[in-house]
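*Asks:* Listed below are the residues making up each chain.
2 protein chains.
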Amino acid sequence: MWMVVEGRRPSGRSRGGAGNRPPWRGRYPGGVTFPVVGMVGGGQLARMTHEAGIPLGIRFKLLSDTPQDSAAQVVSDVVVGDYRDLDTLREFARGCDVITFDHEHVPTEHLRALEADGIPVRPGPDALVHAQDKGVMRAKLDAIGVPCPRHRIVSDPQDVAAFAAEGDGFPVVLKTVRGGYDGKGVWVVDSVEEAADPFKAGVPVLAEEKVDFLRELAANVVRSPHGQAVAYPVVESRQVGGVCDTVIAPAPGLDEDLAVRASEMALNIAKELGVVGHLAVELFQTRDGRILVNELAMRPHNSGHWSMDGAVTSQFANHVRAVLDLPLGDPRPRAPWTVMVNVLGGDYPDMYSAYLHCMARDPQLKIHMYGKDVKPGRKVGHVNTYGDDLDDVLERASHAAGYLRGTITE
Amino acid sequence: MWMVVEGRRPSGRSRGGAGNRPPWRGRYPGGVTFPVVGMVGGGQLARMTHEAGIPLGIRFKLLSDTPQDSAAQVVSDVVVGDYRDLDTLREFARGCDVITFDHEHVPTEHLRALEADGIPVRPGPDALVHAQDKGVMRAKLDAIGVPCPRHRIVSDPQDVAAFAAEGDGFPVVLKTVRGGYDGKGVWVVDSVEEAADPFKAGVPVLAEEKVDFLRELAANVVRSPHGQAVAYPVVESRQVGGVCDTVIAPAPGLDEDLAVRASEMALNIAKELGVVGHLAVELFQTRDGRILVNELAMRPHNSGHWSMDGAVTSQFANHVRAVLDLPLGDPRPRAPWTVMVNVLGGDYPDMYSAYLHCMARDPQLKIHMYGKDVKPGRKVGHVNTYGDDLDDVLERASHAAGYLRGTITE
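Sequence lines, in order, name chains A and B. Quick note, the first sequence lines up with residues 1 to 410 if you use this note's numbering. Quick note, the second sequence lines up with residues 1 to 410 if you use this note's numbering.
If you're looking for bench data, these hints aren't it; they were derived computationally from the structure. The hints are all genuine.
Restraint ranges, calculated between C-beta atoms of paired labels, are given here:
1) ASP245(B) to ASP126(A): 47 to 53 Å
2) LEU214(A) to GLY95(B): 50 to 56 Å
3) PRO147(B) to ARG361(A): 33 to 39 Å
4) ASP190(B) to ARG334(A): 48 to 54 Å
Where is the CB? At the ideal position from N, CA and C, for every residue including glycine.
Between the sequences and the hints, there should be enough to build the whole structure, so can you do that?
*Replies:* Encoded structure:
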């Protein structure tokens with residue numbers, strides 16, 4: 001099960017029929033008509049989306065905070081500006097046929113304003129809010145019957161203590177409902193005393209049970225406005241210090257029924273929330289055989305980077321196809337095993353010189369660097385390896401990432 | 001046999017040792033040091049080279065004739081100027097760590113001037129002249145014992161008649177020694193009367209026997225300054241009207257000994273001519289079992305486009321690695337069969353609307369469009385398909401290319 005279609009897909013057989021084509025405003029000289037995809041945010045996700053868009057011949061336009069951002073270094077059409085400013089967004093959107101996102105930080109009211117201006121925003125604000133606000137996300141998942149960790153919005157440390165008492169007690173996980181990522185805005189507290197910090201920011205706080213999980217999984221799906229959706233193989237995501245370190249596709253030893261349940265859950269969430277584009281559903285696999293939703297991301301996601309070299313169609317290519325309402329590409333793997341390991345910044349600023357060793361050691365290695373300054377712990381790239389033997393594929397990816405970071409020196 | 005190494009390869013194990021690293025001038029903010037690759041020419045080869053360079057984190061700088069050229073549409077750092085003007089080339093080269101090419105038209109003396117300025121030019125002028133001047137190429141291949149069609153520089157129609165008489169008579173192939181490509185600058189003449197046209201341009205003319213070939217092959221290799229070289233599988237190239245139409249990788253039914261001979265021939269030519277980067281050796285397979293060199297190209301080549309989706313490392317990625325003197329990537333195929341079919345311009349200017357049908361029909365299809373105006377017969381893109389069954393792979397690629405062009409409507 002890798003592709004589902006709700007309702008009718010466009011036949012696509014009439015050439016240039018108005019019924020099949022939005023009135024694209026993007027123009028090439030000579031009358032060739034290709035759309036302009038506008039992406040808000042200049043990070044590595046936009047960089048890799050541009051890379052995936054080039055073969056499609058589409059125009060890619062970027063709204064970037066600075067000219068040095070990861071994507072701004074490689075994109076021809078860059079607007080430097082603040083995505084929190086509606087006028088800037090409106091000016092940027094004027095030349096675009098569709099707007100999509102490198103991150104989830106654009107204010108919901110701005111997205112509604114763009115939609116009111118007639119600009120297709122994909123994913124739309126009504127969907128994206130579930131990736132922006134963990135409280136809204138939990139409430140919606142409860143409403144559609146998707147299993148989540150026990151949770152409740154809490155107002156103060158005593159409220160946290162009460163929440164703990166209702167379950168197995170401390171530890172309890174506290175999250176600010178907005179703005180958290182990669183472990184930021186997340187606390188694991190063992191007592192009412194420790195529960196004070198999260199409330200200092202003055203934002204609503206979500207309390208969740210600390211799930212005793214076997215491992216973390218991710219179910220990545222892509223959905224188009226017409227309701228076509230594809231599901232990538234469910235992957236295992238290994239975190240270090242709250243940051244994704246290694247992704248293995250497919251998740252080793254995952255029970256087939258559980259894998260299908262996870263994919264169906266992700267496809268159902270995408271449909272119920274009206275997601276357009278890529279949806280990453282981060283999951284806990286519990287020791288008692290349940291899968292619980294941890295987080296949602298509505299954009300290409302770190303847990304899908306393996307697909308750049310490991311799948312027939314990458315998450316980035318399918319995200320572009322989805323926001324343009326084009327038929328989606330085959331998400332199935334090209335090799336029995338694909339492993340992605342993130343390259344984090346270490347003490348060694350110059351990673352280029354490490355290419356000599358990494359490339360000479362493994363001619364099949366796939367390096368993806370983001371052009372970002374090296375700062376300790378910062379994601380500055382990733383490597384992909386694939387093959388028939390998981391141990392070998394894991395070793396090659398881990399060695400390359402470690403050598404690039406500088407933690408491995410031979 | 002897919003990788004050979006002449007002499008010593010850099011160990012690559014010392015990190016940042018001067019011995020292993022040229023003094024790259026490219027700089028990212030924050031002290032991360034990546035090279036700047038300057039490419040002369042804004043065509044689709046530069047566009048796809050940029051696409052391949054993005055994951056490596058390198059800086060890509062383009063010298064383009066116009067801001068609308070295929071590559072200029074997607075590259076951030078573009079200089080618009082005339083490659084025939086030395087001052088323009090010098091100004092462009094100032095910010096580059098190495099210069100390479102989308103085409104072979106840069107005057108040899110300009111390349112020598114850049115080298116005299118201390119700019120690495122890859123391939124260098126002494127190698128590139130063999131791809132610029134068919135007379136020089138034939139003389140060199142004769143000197144190193146590479147089999148070619150019978151040939152001679154001719155000065156007038158009577159001389160052509162004499163050349164014909166020395167062999168099997170007419171027809172004879174006449175080529176201007178410089179400036180011909182895709183069938184341009186090439187004549188097949190059946191009589192001394194027909195032999196007048198080629199001499200009107202006033203450029204030297206090369207006469208060649210018209211080879212009675214079974215099919216055309218291409219042996220693609222990539223060589224680095226250190227003498228590491230990799231060989232892609234020998235492919236079959238099917239021409240229509242002198243223009244490449246279909247490439248099948250590997251060449252179906254090709255005798256293993258002949259394939260090895262062709263690869264060794266290409267590797268030997270790359271070494272003897274001092275090629276750095278991608279070298280395409282276009283070959284005739286004769287009915288009596290010989291392989292003769294037709295043309296040479298020292299840049300990524302149409303006969304290597306299949307490698308973007310069909311090989312572990314694409315010709316573009318390996319060309320970038322070669323000109324930067326990085327260890328080369330594995331050129332071996334990822335599927336039993338990969339087929340590339342060029343998308344030529346037809347009567348229908350808008351190819352984007354055809355995406356709906358092509359993508360819905362074949363979710364595994366790989367489309368590569370160049371952002372070029374559609375003109376009848378012009379190469380505006382290509383499609384790749386791969387799989388286990390050659391007939392199926394051929395049908396899928398041919399259908400998609402025909403539908404995009406408009407010659408197939410269902």
